[in-house]
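One line per chain: the protein sequences are A and B, in this order.
Numbering of the first sequence is given in our numbering, commencing with residue 1 and proceeding in unit increments.
Numbering of the second sequence is given in our numbering, commencing with residue 1 and proceeding in unit increments.
Hint data in this document are derived by calculation from the structure and do not stem from the laboratory.
Glycine included, each C-beta is placed from N, C-alpha and C at the ideal position.
Reference excerpt, derived from the structure (chain A facing chain B, CB under 7 Å, subset only):
#1 L20
#2 A21
#3 S23
#4 Q37
#5 V47
#6 L76
#7 V83
#8 V87
#9 L90
#10 Q97
#11 R101
#12 H102
#13 P107
#14 L113
#15 G115
A partial selection of chain B residues facing chain A, derived with a Cβ cut-off under 8 Å:
#16 V140
#17 Y150
#18 A151
#19 Y178
#20 M182
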Amino acid sequence: MHVLPYLVAAYVFLTGCYGLATSRNLIHAVGCLAVCQSATYVLLLAVGYRDGATAPVFSDIRPGSRPVVDPVVQALTLTDVVVGATVTALLLALVLQVAKRHGTVDPDALRELRG
Amino acid sequence: MHHLLPLLVAVPLLGAALLVATGRRLPRVFAEITGFVVAGGTAALALLLLLNSTPPMVEWVGGWLPVGGESVGILVVGDGPALGMATLASLLTVAALAYSWRYFDQPPTGHTGTFTALMLVFQGAMCGFAIAGDLFNAFVFFELMSVVAYALTGYRIDEAKAVQGALTFGVVNSLGAYALLMGIALLYARTGELAMTKIGRGLDATAHGGPDALVLASFVLVLTGLLVKAAAVPFHFWLPDAHAVAPTPVCMLLSGVMVELGAYGVWRVYGTVFAGPGGIPAADLTRALVTLGALTAATGAVMCWYQRHIKRLLAYSTVAHTGLFLVGLGILSPEGDDGTAVYIIGHAGVKAALFACAGALLDRFGSVDEHALHGRARQLRATAVMFAVGSLGLAGLPPFGTALGKAVAEEAVGGPLTVVYVAASAITAGAVLRLTARVFLGLGPRPQDAEYETSGSDEEPETSGLLSRIPDTMTTVPAVLLAAALAVGAVPGFGDLVGRSVNEAGSGGAHASVHWTAHGVLLGVASTVLAVALAALAVTRPRWVAAPAWAAPLRRLQSGHVGDYVAWLLVGVTVLGALALPGVLGS
Chain A
1 MHVLPYLVAA
11 YVFLTGCYGL
21 ATSRNLIHAV
31 GCLAVCQSAT
41 YVLLLAVGYR
51 DGATAPVFSD
61 IRPGSRPVVD
71 PVVQALTLTD
81 VVVGATVTAL
91 LLALVLQVAK
101 RHGTVDPDAL
111 RELRG
Chain B
1 MHHLLPLLVA
11 VPLLGAALLV
21 ATGRRLPRVF
31 AEITGFVVAG
41 GTAALALLLL
51 LNSTPPMVEW
61 VGGWLPVGGE
71 SVGILVVGDG
81 PALGMATLAS
91 LLTVAALAYS
101 WRYFDQPPTG
111 HTGTFTALML
121 VFQGAMCGFA
131 IAGDLFNAFV
141 FFELMSVVAY
151 ALTGYRIDEA
161 KAVQGALTFG
171 VVNSLGAYAL
181 LMGIALLYAR
191 TGELAMTKIG
201 RGLDATAHGG
211 PDALVLASFV
221 LVLTGLLVKA
231 AAVPFHFWLP
241 DAHAVAPTPV
251 CMLLSGVMVE
261 LGAYGVWRVY
271 GTVFAGPGGI
281 PAADLTRALV
291 TLGALTAATG
301 AVMCWYQRHI
311 KRLLAYSTVA
321 HTGLFLVGLG
331 ILSPEGDDGT
341 AVYIIGHAGV
351 KAALFACAGA
361 LLDRFGSVDE
371 HALHGRARQL
381 RATAVMFAVG
391 SLGLAGLPPF
401 GTALGKAVAE
411 EAVGGPLTVV
421 YVAASAITAG
431 AVLRLTARVF
441 LGLGPRPQDA
451 EYETSGSDEE
461 PETSGLLSRI
471 PDTMTTVPAV
481 LLAAALAVGA
491 VPGFGDLVGR
501 SVNEAGSGGA
511 HASVHWTAHG
521 VLLGVASTVL
531 AVALAALAVT
541 RPRWVAAPAW
551 AAPLRRLQSG
561 HVGDYVAWLL
571 VGVTVLGALA
581 LPGVLGS
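Bound conformation, chain B alone (with noise of 0.2 Å):
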């Protein structure tokens, strides 16, 4: 079975470059066709070998197997979490590719399928990155990933603010990712080794005592390329540019997963490369992830409720639901890690459905503004009542599958921090409600225009022209991936399953159980409660919740900017420096 693991990589690259080569003379019906059933079969391929994952296998490349212990071979490791990941990513880049099916009409020059071979080898390298076993090929999909987001992102590139966004995606991701590779160049010198497993040990080998200077920047450099990715405060300014203007199929991938993955990272590296008493202290790393964990789930929360352009709206909340991702994984504890891996395929479903039905509000009408949209989108009865049931999984209403994630994680960071789980959910859910009502129900009064945002007004649609009605496939998708997402916390026994595989993979084989707890569905109840209150606040007593003084100056540093961005970039190396460095002084 682990011979199989390569071609989660393989065969998507393989249909993308048979769609680039015929291209031309396709009829654009069979290239769809093929990406699909390209999509859909290494989806199939990584639920199987998901199902087959215990024990966890591992594949070297080519049969380049260690010889004496020494390899330089390329290893893939198909574990529960790694194929949970691959499996997520090409389900949603099947539910996208349907999503988008007859969706651009015109594709660039003539050649059908470029928009599908783009998607391909998103998907290829996302499910390449979930399995890489070494750190050197996580990079190398790290960076193939990144580059297919900026082209897909700048896809439509006779629109000025998609080919900006595009190109401050780039610049902050590229940045990102060379300081990943410079940090692995550096655990590569301490210790000869490139796999994940065999860094780890050679750390602990040629530990004295504990973690010296080396071993920081390695940590330090490696987590800002990984938290670039995964959008941490201040990592996260080309989220939201990118989002924005993405085209909408792109944000359900990006938004949905391929954020997540940065998270996901962030975990994989930790755990098997510098946990060990030769890496960081865990008590460190926990300082590290949950302070910019916290100040993410705010930033993301606060900036996502003063959003008027939907995507960017929805952009903010996957930053907050970013941030509440990486507390869950900061206390490394097993209950952390299981509710974040049930929260993060919740999360896929609910987002990339409330993404769907924004692309429907855009090809309808032109435009994603809250404000121009005022009342008139009464008559799209379907997308109002997804939107609204996408609003309330994001807060996190029993049984949605986010409401079991994050109830387990709620109880494993306890204290304080459940605050913010139940704040941050509670006003990004609240932000989607009053959407809901102004743009479908027309309620209150049409809102004032701020000085300093970004308006959705005058969107290309991205379809030839506006619908006049929204196609099945537009209304379907949402709907299957929000009944998806609530199936993850209703059928019993999905989220221990979860679970137990996240736990064979990591925490030392403990074992904690996910299930609903009498706590855990109040806290859901309270946040969905929260949500409605902020959202009928916000509808009726518009000024009661208007922007205060204060948040003035967090939206200014969302200046879309790319140089600020960079130097951002160098703050939070700084501090994630600073939040790391303790452990190295006291050992």
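With the rest of the complex left out, here is chain A (with noise of 0.2 Å):
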């Protein structure tokens, strides 16, 4: 069993978190969001992975003639871009309405919201 690939997801996934906490920008914590989001496209991928084994497209070869991964998690993955590229559009929209209204894209300096 390969371990490799699930510790790199864990490692993605961390290590945007840790970038969305110290986050001085929020152009850059939308981006560390995304950071995130690459963890699950990781831990999908290695999720269907078989040794020796070919895409899932059967063109041009013959079904059942060699392993292919399994399909479903790229699938899923596909949705998964998707979805992703919703959100980070959206929030980047937003991100750039909090300049226009805040004047900074510091989240330290957003004081409004609080107790």
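Can you join these two chains into the complex? Each is in its own frame, and there are hints to help.
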């Protein structure tokens, strides 16, 4: 069993979280969130991996002639990418508005909501 | 009948697409009527399906039926709780659309129907999450619901607070969703299945004497996602920031049903995925949910008491109540499930009505600040009465639905946890009564400003300019919602009906009856009396119930800083893991 991809997924996720927690710039924070999401791609693809297998595309190989990796997780990853693009776009749009209304993108300088 | 299930998602999405496509050419009235018809039609469909949900329906979308027990199709399940939540979400959407009739007078860039379209997508996503039978689609609808909620929260993009609250909401909830997805990926890695029931069976089949580290990790990750949505401590920080700034009709949906969908998700996922011998032992789930739930109820109640921003105060009351829901679900008894289900229905009516009344204040005075509005709203008699009635509903005065649900749950949890129920509902209701007395009657001296708090002054009204009088829709909708919350408890047999359909779907068919008991009525009256006493003290002797020194650090935790909230989320993951660990070590 290959443990490395799972460790990489955990590492990428925690790196993103660290970046989010210590971020001094909201654009950077949205980027960190995308890093966290990349961890889910790594994990999903690692789950579907098989030794010596090829892509699950049967246009040039005969079904059953050789092992293929799990297509389900690839479909999930693709859906996940779409979800991620939507979230990132929306959050960046909100950051743009924060910059316009507050005049800063430093989360330390946003002092409106507290207590 | 089961073929109609996917329509609960498809109809609102198609309605939204229609509005987006034709929005530029539509007169505003037509766009709103379209939204109303689509949302109302979906609500009627959900109700129709709910009435036919015995036995539970299952539908493989697009006819992708399992072949030889294996399937990659999309599974939707229509049992009592799923369709009940879909119906609740749909009815509240209709109420919110009715409330916002001619509400945002200037839609952005001349595109009418934007707000209505977003509300319809929100409705479709909530219905989809409720009826999802496989985990990955539950995640997709969870994300769709979240993304639309961020957009709706930041709908008034010219508002500095609104965009900040929406951004915090977005970052924290998306991070929770990614944790959920990682948990789903681990479960798929173990079992090769995505349908919830099949994952549960797969875990039991592959368990060698009990859960291992992978099951624990997936449990913690999945629960993190759902508890972020349910705003359990310490995942709750996004909720007050988002609810304080979201437009009022959106608050009605966020507080009334979206947060509760997180608790529903916990119930659904534990019951179908982790409840078997290969999952997480019941004692561990109870420890985790009851600990976090009680902590959530306490934190929500204390923070609710010290708010002066009325919408923020109501948001903290939602935090306190979801804590109570988690405790009720966490004890894993049929009575606890039934009580919580009735409580959620009653709470949705009461909380949505209170937010609707707060919106009336905002649009009449341009402020939702308890101190600034002191005695200024004397002429809004209808709104004042509804605020007072709503706070009694929040306290759990019989025969409100909240009181019936709370009474049944209190009896199920028993012992010291009953105190948590009584105290949390009394303190949150006391805070609402206090602001009613100050704002609408002008009782007591004007309170002092604190150093570290969010004031509700200088808010932009959500209508074009301040209203000179409150429109009928903004008084009728909360009145209907309060009447509905009252009917949930007062109509004989309704509670039992809810209990029956919940027990049919979960708790292995054991049926508990839901009815009024002398004990429950007494506890309901006791928390109401306590709430009135607290409010009276706060108004007449403000010093006695002013913020003590120990509450100040708790307030400072709510720093409005997104990095802090992410750090707390990681703390929460660790705590959740530690609470669920003993069962794995013991097996």
